[in-house]
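Kindly produce the complete structure, drawing on both the sequences and the hints.
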Amino acid sequence: MYRVEATDPDGYVAALGGWQQSRVVALRAAVLEAAPGLDERLKWGHLVYFSNGPVLLIRAEPTRVLFGFWRGKRLLDLEPRLRGGGKFELRTLELREDTPLERAVALALVKAGVALNAELGDPQRARP
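So the sequence shown is residues 1 to 128, counted in our numbering.
Derived by calculation from the structure, the hints in this document are not laboratory data. If a hint is listed, it holds; no wrong ones were tucked in.
Okay, derived cross-link-like pairs now, EDC-like style, lysine to aspartate or glutamate, Cα gap no bigger than 20 Å in a straight line: (1) K73 <-> D122; (2) K73 <-> E94; (3) K73 <-> E119.
With beta-carbon atoms standing in for the labels, derived distance ranges: (4) G85 <-> W44: 13 to 23 Å; (5) E5 <-> D77: 33 to 43 Å; (6) E102 <-> T7: 30 to 40 Å; (7) E119 <-> E97: 29 to 39 Å.
Cβ coordinates follow ideal geometry from the N, Cα and C atoms, glycine included.
Set out below in structure tokens:
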């Protein structure tokens, strides 16, 4: 498993390089703009954002960056490229160097994810 050596969110971003760092910086800025009150943590080896439980993650890997949402199954109308499976709602958007993602879509996803957690509660306590 790919792991970025860091102890906090700023260190995570600083430890990245190349297009992955640029993409993570852009995603992180969009997340914090869309929902300034989110609790940003380094958890499970990547960036995780919380509001009434986990909302989303940003995870850099050698060939991709994942932009994932705990309630992503409910966000397919905003971004149909979100992928995942099984009985849980987690879905991720796999971003490669040349994968487009409009800033407006990223902002909408974050806002919708936060709203779903406010409405439905902590997704880690939800039953599939």
